[in-house]
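Asks: Chains as they are written, first to last, in our numbering: chain H, 1 to 271; chain L, 1 to 271; chain F, 1 to 271; chain S, 1 to 271.
Calculated directly from the structure, the hints in this document are not laboratory data. A virtual CB, placed ideally from N, CA and C, is assigned to each residue, including glycine. Certain hints may be false.
Unchecked claim - The list that follows gives simulated cross-link-like pairs (lysine-lysine, DSBU-like), each with its CA atoms no further than 30 Å apart: (1) L/K71 / F/K213; (2) H/K3 / L/K192; (3) S/K71 / H/K165; (4) F/K3 / S/K226; (5) F/K192 / S/K263; (6) S/K3 / F/K8; (7) S/K71 / H/K71; (8) S/K213 / H/K71; (9) H/K165 / S/K94; (10) H/K263 / H/K94; (11) S/K192 / S/K3; (12) H/K192 / L/K71.
Said to hold, decoys possible - If you anchor each label on the Cβ, the simulated ranges turn out as follows: (13) L/R59 / F/G169: 50 to 56 Å; (14) L/R59 / H/T181: 36 to 42 Å; (15) L/P229 / H/V164: 24 to 30 Å.
4 protein chains.
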Amino acid sequence: MFKLEENKSYSMPVHFGGRDPPAPDSAWYARDFVGLTYTYTTIGDQLANYVPEGFELLRPEIMYGFGHFGKVDFLAGGCYNVITADVPVRFNGKRDRLEGNYNLVTWENLTAPIIGGREENGVPKIYADIQDLHVTPPDYPIPDFFTNASYDGNTFVRMTMSDVKPIEGEQLAAMQANPLTINVFCWRYIPKVNLRGAELSQFILYPQSVEVKSAWEGSGAVEWIKLQPEQNPGQFHIINALAELPIPETAPVSMISGILALKGSQGRVLE
Amino acid sequence: MFKLEENKSYSMPVHFGGRDPPAPDSAWYARDFVGLTYTYTTIGDQLANYVPEGFELLRPEIMYGFGHFGKVDFLAGGCYNVITADVPVRFNGKRDRLEGNYNLVTWENLTAPIIGGREENGVPKIYADIQDLHVTPPDYPIPDFFTNASYDGNTFVRMTMSDVKPIEGEQLAAMQANPLTINVFCWRYIPKVNLRGAELSQFILYPQSVEVKSAWEGSGAVEWIKLQPEQNPGQFHIINALAELPIPETAPVSMISGILALKGSQGRVLE
Amino acid sequence: MFKLEENKSYSMPVHFGGRDPPAPDSAWYARDFVGLTYTYTTIGDQLANYVPEGFELLRPEIMYGFGHFGKVDFLAGGCYNVITADVPVRFNGKRDRLEGNYNLVTWENLTAPIIGGREENGVPKIYADIQDLHVTPPDYPIPDFFTNASYDGNTFVRMTMSDVKPIEGEQLAAMQANPLTINVFCWRYIPKVNLRGAELSQFILYPQSVEVKSAWEGSGAVEWIKLQPEQNPGQFHIINALAELPIPETAPVSMISGILALKGSQGRVLE
Amino acid sequence: MFKLEENKSYSMPVHFGGRDPPAPDSAWYARDFVGLTYTYTTIGDQLANYVPEGFELLRPEIMYGFGHFGKVDFLAGGCYNVITADVPVRFNGKRDRLEGNYNLVTWENLTAPIIGGREENGVPKIYADIQDLHVTPPDYPIPDFFTNASYDGNTFVRMTMSDVKPIEGEQLAAMQANPLTINVFCWRYIPKVNLRGAELSQFILYPQSVEVKSAWEGSGAVEWIKLQPEQNPGQFHIINALAELPIPETAPVSMISGILALKGSQGRVLE
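Next comes chain H alone, as it looks inside the complex (with noise of 0.2 Å):
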């Protein structure tokens, strides 16, 4: 019969055997990264309504983000789009207090990445059809690079971003020197069998960062379309609440590529 062994590491399903557990500072790599980070001011109380009492929000912002994941280690070089809505946060614990970024829901492209987000960190990561990042060809005026999500058919959310500059110089290099390094927190949460009540519900720190090759800065936008229910039976009450944050028309947005290290082990549970 089968048996655990104690120095694997596993997931469901469990019974065809483990893998070498993650060295204690190891990381996932996405090489090939392409993040877009759109910030933008937002009504605090109401936001407020989505991050849990033991986090205190930071500033009345939003993050809304958009990645390009490309050879990615643990696919055998794929790669996956993922969306992200994101919220500035302290966690003040009984022994961590911290700050970063509260993590209210990540759409992904593919299945591995979710179940794996899920289970092991906790990020709320749901699937939605995700567009690879159009960068627009000379002749269309507007925008320079635009993508968009959809679920069975229904778009949701489209991003564009234009008047795009390149950062260089002394500006580049101070990012580049350094890896960005983020705090992401999120909520692990796995329901009793009977739905009733939590089996397991913790916080916790999924630390990730970043080296930054290039870098860009333009004005951009993030355009929430609301669904009925029937359009997307399990995520239509994220996107209308997302939908009914007031945020301005345009906002400041941030490009990066560079080098996306994942590192889940290395975080835990908040205390």
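Given chain H, put chains L, F and S in place with the hints provided.
Replies: The following block gives chains L, F and S in isolation, referenced to the frame of chain H:
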């Protein structure tokens, strides 16, 4: 700030709000279900390698299944396909002594039920592209029905069914009289954040039943195709393990159509 | 070297060999067909902009259709979905005087029938992601049926059907007694290599018929959503033209299921 | 009613309006192109079965190619992948005597360029799911690069590249100095409506060129996998014909990246 409500059912992301939990006797329905089951005798010792302690192998058999889940309630009438591998077992616990099918692995071609099944019931679901069941037109000699599953374009299993005959009369009436009920057993396993050991590890009972409308029998073949690690980094070890289980070239196949009831919330942690 | 055989039917690539041409009275069958037809009164002058000289508009009407083509012969039992826009016309030629539907555009979610339809019959087929027709479960209030089409994640049309009632008794018997036959008219156009002028330009008759099994009627809505050029570079002008055709908010919808016969090779070039 | 405008370029559907035709010296660009070319010696007599009269086989060689067409102008910056099979030939016509590559077949994973290539230039394009080129991460031994193509989940070709070395210095400078230009020859064939004989049949010159940025060489393998008719009804005869062409297990492979210019409108009908 967001607070959990006591009488709500949650899944990640939690902080956008919960749902009313399912009534104790409720189920999720796939109102347009078609299922094929292939029953193969194999080598018990080899099969037992994938069945954890606590379960007893009843027969040296592996059951491979294809299912089309159509008109699914929680998808607002959407559908998905599944491929399953199950083993007939008895659970010998302190409290529970039950016969049923231990699920070795379930592939599905839709992320939402994969996430739900893993986190709520411990079903070891993973993603694959699974073709709809094809009914071969009259001018093709064989087979009568066929499908396959692949990952990133790599075919890893083919299923065919031939010599199909409807089950009729008293035999069908008997199948229709009582919903076919199955105890599915799963191993829910959530790792620690550092991927060394389990944060949660439990065997779960997941009752399912089928209200049969029509039924057929025939002969069929399941062909597993080994993959290289880079062709399917997260699953090759599972596929190759199944490919190495010796099975006869053909086996009896049963096909049923009807209404499938997934009674996850009527299950429980086995003890 | 490769030579054409006289009694074979060819398509590109030609040099791998041809097939036996279809018998003169043969057809391609979709043995599991479901079709919805929405009939809208619109502004005749505006509609006429999209109907070429040689055709006469019979009524200021546009018919939007959704079709599920299941158990398709030439796909070995596979399936695809279509969205169509048709106009009732009379062809007034030197030889032919025929009434039928001039096909403005057909979207399909599968390349093989798109290629065949365009090259063999001049059907102006283009690609879209088209959702299966969803039958809404009991706990969703409306609509009864719904679907959409999108391109690169950009929703461009939604179709819904509500207040659905089966057609029964004598009315159904009449529909079943005679296959519903339609003259579809298309414009086959192949450009010169330098894209200045036509190498081939002809109107083609494409007969189709449906053997009706069941039928329903109800009310429904078709909503066209305009797109920007970069969101759908090859099709935005088509979608936006249809979106600008004024139509009432709801219209009568008919739904039929049965066997569809595509009789392309029984068609001819109109003169 | 709709009328054709004289100085416009049209494709089906024609009646929604045309576009300005391309300038005589213009091209479509894939500004982020990566291409692999495998050159295999095979049996000339067998290969000649797939080359039509009018062309002369220059060498008993078949070239298999993979291409990633990124940042494509006519897709507003979108991308697609291609798999090609070409043969080195000389066209011996009444007017034209030209050397180039006769394209046996081209698979692409996007419908829009398939339609355009077939109808405008006679490129025998058909659909397949084609994976992105995977760059294997450091911890996988071999190969360095790999991809595959499949249809309805049935893998039919795998391509790998190993022992990759960059081409540098003078050799690279020479490649960069002159765009690599290729005469691609195609057979444009449009059948009669009754599928007996051709409505249009002509050989077409389709010039293409690549502005090389970087280049690599290595060894590689192309593996064709035969399919049953029902697994790929429209293409199995093509795949099986290629699978039966004997080729060595490995071959030299060249890889280039740069800007691809597709000069379809600079081509012409060969005479």
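Asks: A separate judgement is required for each hint: does it hold in the structure or not?
Replies: These are the hints, each one checked on the structure:
no., hint, result
1, L/K71 / F/K213, "holds (21 Å)"
2, H/K3 / L/K192, "holds (18 Å)"
3, S/K71 / H/K165, "holds (19 Å)"
4, F/K3 / S/K226, "holds (24 Å)"
5, F/K192 / S/K263, "holds (14 Å)"
6, S/K3 / F/K8, "violated (36 Å)"
7, S/K71 / H/K71, "holds (18 Å)"
8, S/K213 / H/K71, "holds (21 Å)"
9, H/K165 / S/K94, "violated (55 Å)"
10, H/K263 / H/K94, "holds (23 Å)"
11, S/K192 / S/K3, "holds (25 Å)"
12, H/K192 / L/K71, "holds (27 Å)"
13, L/R59 / F/G169: 50 to 56 Å, "holds (54 Å)"
14, L/R59 / H/T181: 36 to 42 Å, "violated (55 Å)"
15, L/P229 / H/V164: 24 to 30 Å, "violated (39 Å)"
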